[in-house]
Amino acid sequence: MKRTLFIAVIIVLFVSACGGNQQRSNTPILTIMTHDSFEISAELVANYEAEHNVKLVFIKSGDTGAALNKAILSKNAPLADVFYGVDNTFLSRALEAGIFESYQSPGLALIPEEMRLDPDNYLLPVDYGDVCINYDKEYFIKNQLRVPQSFEDLIKPEYKGLLVMENPATSSPGLAFLLASISHFGDQNYLDYWGELRDNGMVVVGDWSTAYYTNFSASSGHGPQPLIVSYASSPAAEVIYAETKLSDAPTGSIISAGTCFRQIEFAGILKGTGHRQLAEDFVDFLLGVQFQEDVPMQMFVYPVNPQAELPSEFVKYAQLAEQPASLTPSDIARNRDKWITDWVEVVLH
Amino acid sequence: MVQMRRTLPWLGASFFLLLFFFYPLIRILGMGLDWSGLKDGWNQVARLAGMTLWFTFYQAILSTLLTLIAGLPGAYLFAHYDFRGKKLFKSLTAVPFMLPTVVVAAGFNALLGPQGWVNGILMNLFHLDHAPILFMNTLGAILLAHVFYNITIVFRLVGNAWMRLDPQHGQAARMMGAKPWEVYWKVSLPLLRPAIMAAALLVFLFDFTSFGVILLLGGPQFSTLEVEIFIQSVQMLNLPLAALLSIIQILFTLAFSVFYSRVVAKVEVVNKPSSNPMRKVNTWRARLMVAILLILLGSLIILPMVSLPLRSIVRFDPAMGERTLQTASLTLDHYKELFINRNGSLFYVAPIEAVRNSLRYAVLTVLISLVFGFPVASALARPGRLERSLDPFLMLPLGASAVTLGLGYIVSFNQPPLNLLTSPWLVPLAHSTIAMPFVIRSLQPALAAIPDNYREAAAVLGAPPLRAWFAVNWPLVGRATLAAGTFAFTVSLGEFGATSILARPENPTLPLAIYRFLSQPGALNYGQAMAMASLLMLVATVAIMLIERMRLPGSGSF
Chain D
1 MKRTLFIAVI
11 IVLFVSACGG
21 NQQRSNTPIL
31 TIMTHDSFEI
41 SAELVANYEA
51 EHNVKLVFIK
61 SGDTGAALNK
71 AILSKNAPLA
81 DVFYGVDNTF
91 LSRALEAGIF
101 ESYQSPGLAL
111 IPEEMRLDPD
121 NYLLPVDYGD
131 VCINYDKEYF
141 IKNQLRVPQS
151 FEDLIKPEYK
161 GLLVMENPAT
171 SSPGLAFLLA
181 SISHFGDQNY
191 LDYWGELRDN
201 GMVVVGDWST
211 AYYTNFSASS
221 GHGPQPLIVS
231 YASSPAAEVI
241 YAETKLSDAP
251 TGSIISAGTC
261 FRQIEFAGIL
271 KGTGHRQLAE
281 DFVDFLLGVQ
291 FQEDVPMQMF
301 VYPVNPQAEL
311 PSEFVKYAQL
321 AEQPASLTPS
331 DIARNRDKWI
341 TDWVEVVLH
Chain Z
1001 MVQMRRTLPW
1011 LGASFFLLLF
1021 FFYPLIRILG
1031 MGLDWSGLKD
1041 GWNQVARLAG
1051 MTLWFTFYQA
1061 ILSTLLTLIA
1071 GLPGAYLFAH
1081 YDFRGKKLFK
1091 SLTAVPFMLP
1101 TVVVAAGFNA
1111 LLGPQGWVNG
1121 ILMNLFHLDH
1131 APILFMNTLG
1141 AILLAHVFYN
1151 ITIVFRLVGN
1161 AWMRLDPQHG
1171 QAARMMGAKP
1181 WEVYWKVSLP
1191 LLRPAIMAAA
1201 LLVFLFDFTS
1211 FGVILLLGGP
1221 QFSTLEVEIF
1231 IQSVQMLNLP
1241 LAALLSIIQI
1251 LFTLAFSVFY
1261 SRVVAKVEVV
1271 NKPSSNPMRK
1281 VNTWRARLMV
1291 AILLILLGSL
1301 IILPMVSLPL
1311 RSIVRFDPAM
1321 GERTLQTASL
1331 TLDHYKELFI
1341 NRNGSLFYVA
1351 PIEAVRNSLR
1361 YAVLTVLISL
1371 VFGFPVASAL
1381 ARPGRLERSL
1391 DPFLMLPLGA
1401 SAVTLGLGYI
1411 VSFNQPPLNL
1421 LTSPWLVPLA
1431 HSTIAMPFVI
1441 RSLQPALAAI
1451 PDNYREAAAV
1461 LGAPPLRAWF
1471 AVNWPLVGRA
1481 TLAAGTFAFT
1491 VSLGEFGATS
1501 ILARPENPTL
1511 PLAIYRFLSQ
1521 PGALNYGQAM
1531 AMASLLMLVA
1541 TVAIMLIERM
1551 RLPGSGSF
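Residue numbers (this note's numbering), protein chains in the order written: chain D, 1 to 349; chain Z, 1001 to 1558.
Think of the hints as simulated: they come from the structure by calculation, not from any bench. All C-beta atoms in this analysis are idealised placements derived from N, C-alpha and C, irrespective of residue type, glycine included. Any given hint might turn out to be false.
As the list claims (entries may be wrong) - Capping the alpha-carbon separation at 25 Å, the derived lysine to aspartate or glutamate pairs in DMTMM-like fashion look like this:
1) Lys1280/Z with Asp1166/Z
2) Lys1179/Z with Asp1166/Z
3) Lys338/D with Glu196/D
4) Lys316/D with Glu293/D
5) Lys1336/Z with Glu43/D
6) Lys156/D with Asp1129/Z
7) Lys142/D with Glu152/D
8) Lys160/D with Glu196/D
9) Lys156/D with Asp342/D
10) Lys55/D with Glu43/D
11) Lys1086/Z with Asp1166/Z
12) Lys55/D with Glu1506/Z
13) Lys245/D with Asp1333/Z
14) Lys55/D with Asp284/D
15) Lys156/D with Asp199/D
16) Lys1336/Z with Glu313/D
17) Lys316/D with Glu243/D
18) Lys1087/Z with Asp1166/Z
19) Lys75/D with Glu1506/Z
20) Lys1280/Z with Glu1182/Z
21) Lys245/D with Glu138/D
22) Lys156/D with Glu196/D
23) Lys245/D with Glu1337/Z
24) Lys55/D with Glu1353/Z
25) Lys142/D with Asp1129/Z
26) Lys137/D with Glu243/D
27) Lys156/D with Glu138/D
28) Lys142/D with Asp153/D
29) Lys137/D with Glu152/D
30) Lys338/D with Asp187/D
31) Lys160/D with Asp342/D
32) Lys160/D with Asp1129/Z
33) Lys1336/Z with Glu243/D
34) Lys137/D with Asp1129/Z
35) Lys338/D with Asp199/D
36) Lys137/D with Glu158/D
As the list claims (entries may be wrong) - Listed below are several chain Z residues computed to face chain D (Cβ distance under 10 Å; list not exhaustive):
37) Met1031
38) Leu1048
39) Ala1106
40) Gly1113
Kindly produce the complete structure, drawing on both the sequences and the hints.
Structure (structure tokens):
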């Protein structure tokens, strides 16, 4: 009896699995490939679909690196029409792989020159955010310690063992922070600095989630380190996603000159798309005010379009670096793997 | 003709594994077979491979030894004693096996992390400023998590063999004056050696190919082959190196599988009910022993699992000042929040949806892997030369990196005639290749144990063949099939690596949904991740218990 019931349950589940969304219609489909962190409001998509008579399908493909690799590996039979989410650390790899088609969107006119890293417009900037050190406000008040302001501060004895960062080999904020240090110290000297930082008890973990929720003292994990490599917008997220209303963010970002690395995210039309016109429309939409105003609350990054207005939580709690560190994409592309390997050698082995 | 009959059962599974395991793997690794990419640093490559291989072996051997040490007393307990709650307890020990590492890492963090229960209580008791136990990101964390994951293998494999051990050997030794410990040391253990070896090898194989535990609990100073393959293929797009490391890992897996199938052949499988009558716990000595063992095993297996649901209903007061247990309060907000799409995000998935996706994929995985695995298992039950030579290859999916396999699917199944990337079957297909070794391994001993003459007897008594099969074989096979199905089910429920690359964003599984919450800052996101993880544990436990109820006593093997 029981067994019959069990088998019946299996069959029902099986049937429900096979059935499903097989609706056919004549609406063309535009496929957008992106990374795990991509978010967009349902309302915006619904409006866009109605307005343009198109169905948008999103494929998420792992983290930034995995998603791009997936696009590169499948370039002979592209899986999508548009790709969203190449950042400036991957920009050159993406361009060298030759998987994009150039598109001079009219929306580009508004976008600041320093964001437009690809002069040929194979990849167009859409959003940006700073990777900065976050600090636990309470810890520094309680211990009457000055919040460190520079790379050099971090190797002082009073900050021994206070910083947690992510492994640049497995995490994009980790890599961004490594790049900031290279921009500051130069290709020749950065490794000496990392040796000193290691000796000063810096903690390295594999990914952002572990760093934030296990090691960082101001998150729900209440870990041992009051300094963490995270995003400049994280304090705003702490307020928005608080369990009970907070009057102030429990964390802050260190945004002094040269300590943050600016990640710019790009989108592009994938080579071989059968929907060039639809893809162009969608890229225009990505640069337009509507989508650009949706970006901050969905993905905790900043819009590249200066006409987009920021939500109040962002204005109040998120910070932007005034002088973020910078490296050219071609520099990054040429040395990226070597920098990471050398860093791992010095810090982890 | 005989040849035909022998090869027929292999057709389905061979076809399946060739198409959905070997083909994508060869495609993706083949892209790396451009050795010029390696030329610039053979020395460096050899050093990296050597170092990684050394650590992979080191942690796997240590983990296996610890798992045996912790598991053998439990196997003894389950094999010899009957006590209240035994069934529930035994079911619970199997739950870790199917939990994704994201959840296990969160569980250990909630228990032993800097602000976990243990540290919290210690800090409160002794008025400490800092957490006294630093556990996360140590070798100890890796080892403990491996024991936590795999101890159930020892319970089951060794426990079952122990239960069926002929008590007369021991009685004879006692009569000749051996002390009880001598009986265990000199009689029982040597007789159990094949079973212990089989369990050890299987545990070793899992530890050898460990990925999530190393990455999430061990931290970046530790790197196994599987982790390095992930870094090289996904982060660096260094396919030549990834291919080289994958080949090394697969060769080792193959070697261990050959060894394993040799050992398993020696484990005597007799499907008689236990020859040792279960003892009741009625003397104070037995009571004390059972209690101590249960407490030890409970704290090892149950505590990390219980601390998660506990954490999911606790909120720490956000007010500035000490965050201690005094500022904690109970709340259901995290669960309520799961049902709210705060940002109006397109990718918001209601928890019930994620549960449904997970269950649906799991059920499809069970069906696919049973359909293809069953014939092979029955062929293996009466092994000939063909079976013995093909046997080790069935274990290979255990040795392949799931992420690499996922990328292999992308390059292999993206155009007609096999354009599967949008198909709802893609994820279950990938899960099935990973589940296949479990399914075959758990079916094989039960099928081997069915004596042909039972059915013949039924036929002689006048039953038509089909009826004879249903009356005689089904009661025995049916339960073994369920047990095999459980494995497929659990593998699918907890799989993360391949799923994260293959699943569609509108159909995330539970592990993916958990990961999504954990990748954003904010107390509410963390709380929701805990709530979702508790949900996964609940689903897993219920599934295990349902299926455990239908198991044939004593037929449970791998």
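What's the verdict on Lys137/D and Glu158/D, does the C-alpha distance respect the 25 Å limit or exceed it?
Roughly 16 Å separates the two Cα atoms, so the pair holds.
25 Å Cα cutoff - pair Lys160/D, Glu196/D:
holds (11 Å)
Distance restraint between Lys156/D and Asp199/D, which requires alpha-carbon spacing of 25 Å or less
holds (11 Å)
Does Lys55/D pair with Glu1353/Z here, judged by a C-alpha cut-off of 25 Å?
Holds, at roughly 22 Å.
Supplied contact hint for Ala1106/Z, tested at 10 Å Cβ to chain D:
holds (8 Å)
When you check the alpha-carbon spacing of Lys1280/Z and Asp1166/Z, does it fall within 25 Å?
holds (19 Å)
Need the status of pair Lys338/D, Asp187/D: alpha-carbon distance at most 25 Å?
holds (11 Å)
For a C-alpha distance cap of 25 Å, please report whether Lys55/D and Glu43/D respect it.
holds (13 Å)
Straight-line alpha-carbon gap Lys156/D to Glu138/D, limit 25 Å
holds (20 Å)
Interface hint compliance - Leu1048/Z to chain D, C-beta minimum distance less than 10 Å
Result: holds, 9 Å to nearest chain D Cβ.
Between Lys137/D and Asp1129/Z, is the straight-line Cα distance small enough, at 25 Å or below?
holds (17 Å)
Hint consistency between Lys142/D and Asp1129/Z [alpha-carbon to alpha-carbon, up to 25 Å]
Holds, at roughly 12 Å.
In terms of the numbered hints stated before, the structure departs from none.
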